[in-house]
Structures are given as structure tokens and as C-alpha cells.
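S.K.: If you read the protein sequences in the order shown, they are chains A and B. Just so we're aligned, residue 0 is where the first sequence starts under numbering that gives the first Met the number 0, counting upward by one. Just so we're aligned, residue 0 is where the second sequence starts under numbering that gives the first Met the number 0, counting upward by one.
These are computed hints drawn from the structure, not numbers from a lab. C-beta atoms are modelled at their ideal positions from N, C-alpha and C, and glycine is treated no differently. Take the hints with a grain of salt, since some may be wrong.
Claimed, not checked - Some chain A residues flagged as far from chain B (calculated, every beta-carbon gap over 12 Å):
{"#": "1", "residue": "Ala32"}
{"#": "2", "residue": "Ser47"}
{"#": "3", "residue": "Ala72"}
{"#": "4", "residue": "Arg90"}
Unchecked claim - Coverage of chain B stretches by chain A, computed from C-beta distances (three or more under 8 Å per stretch; other residues unrestricted):
{"#": "5", "region": "246-253"}
{"#": "6", "region": "332-343"}
{"#": "7", "region": "346-352"}
As a plain string of letters, each chain reads:
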Amino acid sequence: MKKPLAIATSAAALFSAVVLANPVRDSLLAGYAREAGVSGFSADAGRSLFLANFTGGKEATPSCTTCHTNSPAAQGRTRVGKVIEPMAVSRNGERYTDAEKVEKWFRRNCNSVLGRECTAVEKGNFLTFMISQ
Amino acid sequence: MTETLPPSPPVWDMFIRAFHWALVLGVALAAISGFFMPVTWINLHIWAGVSAAALLLARVLWGIWGSKNARFTGFVKGPHEVMAHFKDLRAGKAVRHLGHNPLGALMIMALLGTVFLLLITGLAGLGGVFKAGPLGFATSYALGMVALSVHEILAIFLMGFVALHIAGAAYEGLRTRENLIISMVTGRKEFRKNDHDLPEVSSRPIWVAMLFGVALAMLAWAGIWATAKPPFGVPVGPPNPTYAEECSACHMAYAPSLLPAKNWGTMMGQLDDHFGEDASLGQAAIDEITTWLFKNAADSVDTKPAHVFSRTNPASPLAITKTQFWQNTHRNIPDAVFNRPPIYDNGNCVACHSDAESAAFYPANISIPKETIP
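Isolated chain A (complex conformation) (with noise of 0.2 Å):
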């Protein structure tokens, strides 16, 4: 990697690290991990997770993109038309900065599209997939 380009993309980390940066998340995800016994989550499994198809939940609701969209950087909207903001923390700064406002949509959506309850390795992995968004 070329020096100044190297300087910029650290530079743009920081930035990133810095802005993105929130005691809620972290805490959240500090919360997952210990729940789960693991010292991290994987963004790559976060957007699995996010992407995927499931059939064990509610007809109308297969996948998280049903309503969120394929790209977490987009605007979703809900069967009845309304407007939801984009996941994606550079897109939307107040997304996970409501510790009980989390865990209420992990616990209804999760049960609309998988039919159950997200474990703490999945709310984790997905977190960190939009807080890398």
C-alpha cells in the first residue's frame, strides 16, 4: 500500500472509530459477547444473517430485507408503507443508542422472520455488521 493512501485510509478509520463511536453500543455488544462466552463478532456473519432467507417465521416476513432492503445503507419500509430509516450507522447516527429499543426489535423481528428468539452470537455479528456500515 502506497504511504499516503495508507495515512488516509487510517485517517478515515479514526474518524470512523471516532464518530461511530457510542458507550450504548459498546456496551451492547460487551453485553452479546460475554453472553455468548466469545471475545468478538464477525460483520461478515452480521450480513449473513441479514441477507439470508428463513422459513421459520412469520409468511410475510422471510428476511430482514423484506423491509429493510438489501442494502443497509437504504431507506426500508414496512408492509404498510412506512418509511424506515437506513441500519447503517455512517447512514444514521442514533441507530443503537437506545439499549431497550435494541433488544425490543431484535426481539420482534427476530421472531417475524426466524420464528424465535436472535442469539447473543447473532445480535452480536449483526450489530458489528451495521456498526461497519
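Assemble chain B onto chain A, guided by the hints.
M.R.: Using the frame of chain A, we list chain B on its own:
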């Protein structure tokens, strides 16, 4: 054949002619919009009707202080004279009236009276059913529905009277060999021997114009004042912030008056399967929202939506879109229109009914949006 007398003043003065053709226009607009146009044109119908009624007011004043052929005292006759005229007509010896003949006068009173009753029943219907207009503050839904039924019957009667009026004018024109329709344009009629004419009177146009202006202004003021009063049977409470936050996260804020308390109770008890999604909430939020929904539910609201959506579909008691009324009123709209952006779903009332969240659902506030690129 006939003997023409020297030129004389018009039989029908300027006001009578203008009134006649303006009323034709007003009644035609009201009839076309009422009988044939979609209910979204209700405001055109209302203004055509109100304008016709304003003309009526002017006609009544002119009927008291106007020219001789305009005055009620000149042409309105009792039943004996009407019958006598009718018998003379059948016997072929009825005289020619320069103004209204007794049968024509009867027709005019029927037309004017029916237009007046149409105004009253129309405003009562508008007030009771749509909670709008000057009688909205005082009229119940039940009374409004009765008023609208009477309004419809009167409208059919009016059409019948109009047909009879035209037939009568055609018959009289043939009988006296003259074009009475042209007379209502020019005001002129041939003067003949043995015509029935009325004694001259002096009309008071300025007095009538002033009186009309003052009366119309007072009625308009009273109408605006009454229209602004809160409608009958529509309690307005503050919105519930928890409801707004939780429920309209996913969908428009359906007004509590759209379902009976019993159905809201069922819905709030099964939020984990809410129209095919898990919308579960904490108990505190459920309790708060349920209390608010119960307090403002359809049971205690007198609007049309509250009444029609209270008749829920037993097979799907929580879905407004499954009610008979909803199905009937939306039957001409293809599913594809509901499913395309920016509507997406037939539960997204506010996409077409701009006043849906207030639960007014006034017909003039309906507009189906063109398809958009999502």
C-alpha cells in the same frame, strides 16, 4: 289570428330571467355532481347547492318587492283557482296569462320549496354524516343519515318537477302558439287581446339588493361561525405519545375511533402476531395504550367511520379493510393500485385519504397518488 299590441315593458324582468337561468345552472351542477360524479366531488355539489339556495333567497325578496309578474301575491293562487284553471284548460277555454298561470305558479312554488328542503337536508346530512358544514355541531349521525335519505328522495322529486315544468312550458307554448323558452331569455311576450295581466306595481330593486346583501352576509357569517364549532359527537382528546411512538413506528396512526373497544382489546392482547408480524410491547406500554384506545374507541364517537367500521367482519374482526363498508367503497380499485408505491398496502389509508389520521375521511380529501419510483 292574433292582434299585436304596441311595445310594452318585458313580462319577465331582468332579475327573473337571470335568476331562472342561474338556477338552471346551479340545479344542473348539483344534480350532475350528486347523481353521477364520484363522491370526491362533494364540494362542487355543496357549492352548487348553496349557490342555488342563495338565488332562492334573492327570488323570495324579489317575490315580495319585485315587478308585478315576480310577486308571489300576483301569481300564487289558492286551490279553487288552480282547479278552475285546470278545468278551463281541459275545456279548451283557459285564458292566456302573461305572467305565471295558476298551475305554473304551483310548479314554481314546488320547485323553490324543493330546492329549499334540499338545502336543509343537504346541510343536515353533511353535518351529521361528515361532521362538516354549519350543522355539524348539532347533528347526530343517525339524523344525518335520515336527512341524506330524504335529500335523495327530494332530489328525485326535483328532477320530476323539472321535467313537469319543461313539459308544462312546452304544452302552454303549443297551446298559445309562442316560444316560452325564448321569452325567458328576452323577457318579451306578444301582448294579445283577452290576456290575463296584472296591475302595474313599482318594484324596489335597490331595497331588495340591500336586503339581499345584508341577509346573505348575516347568513354567511352565521354559517362560518357554526362551521367552526366543534362537531357533534366527536370528542377531541390529546394524542397519546406512547401510541404515537410505538404504533406509528410501523404504520399510520389509526385513530382509536376506527374500532370498538372490544376489538382494540383483542388486538392489544395478541401483539405477538399483529397482522403477520411480532409487534409485542412491554406490559406498561400495552396498558397505557389500551386505556387510551378504550377511552376514544368507536363506541363513544358519532362519526361515519366509527359507525361503519364498528360493523366488523367476524372472520377478521381486527382488520378495517375486511369490513363490508370498506370492501364496498373500495371495490373498484384494483389490488395493483394498493400494492404499488407510494401506497404499498390497502391498510395505508393516509396514502389516499389525506385526513385519515384525524379519522375524518372527508370525501373531498381523497386522491389516489400516481405510481412513484420507490
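S.K.: Could you run down the list of hints and mark each one as holding or not?
M.R.: A quick look at each hint next to the structure:
1. Ala32: The assertion about Ala32/A holds, with a minimum of 25 Å to chain B.
2. Ser47: holds (22 Å)
3. Ala72: Its Cβ never comes within 12 Å of chain B, the nearest being 15 Å, so this holds.
4. Arg90: With a cut-off of 12 Å, Arg90/A remains clear of chain B, as the shortest Cβ separation is near 17 Å.
5. 246-253: holds (count 5)
6. 332-343: holds (count 4)
7. 346-352: holds (count 3)
In terms of the numbered hints stated before, the structure departs from none.
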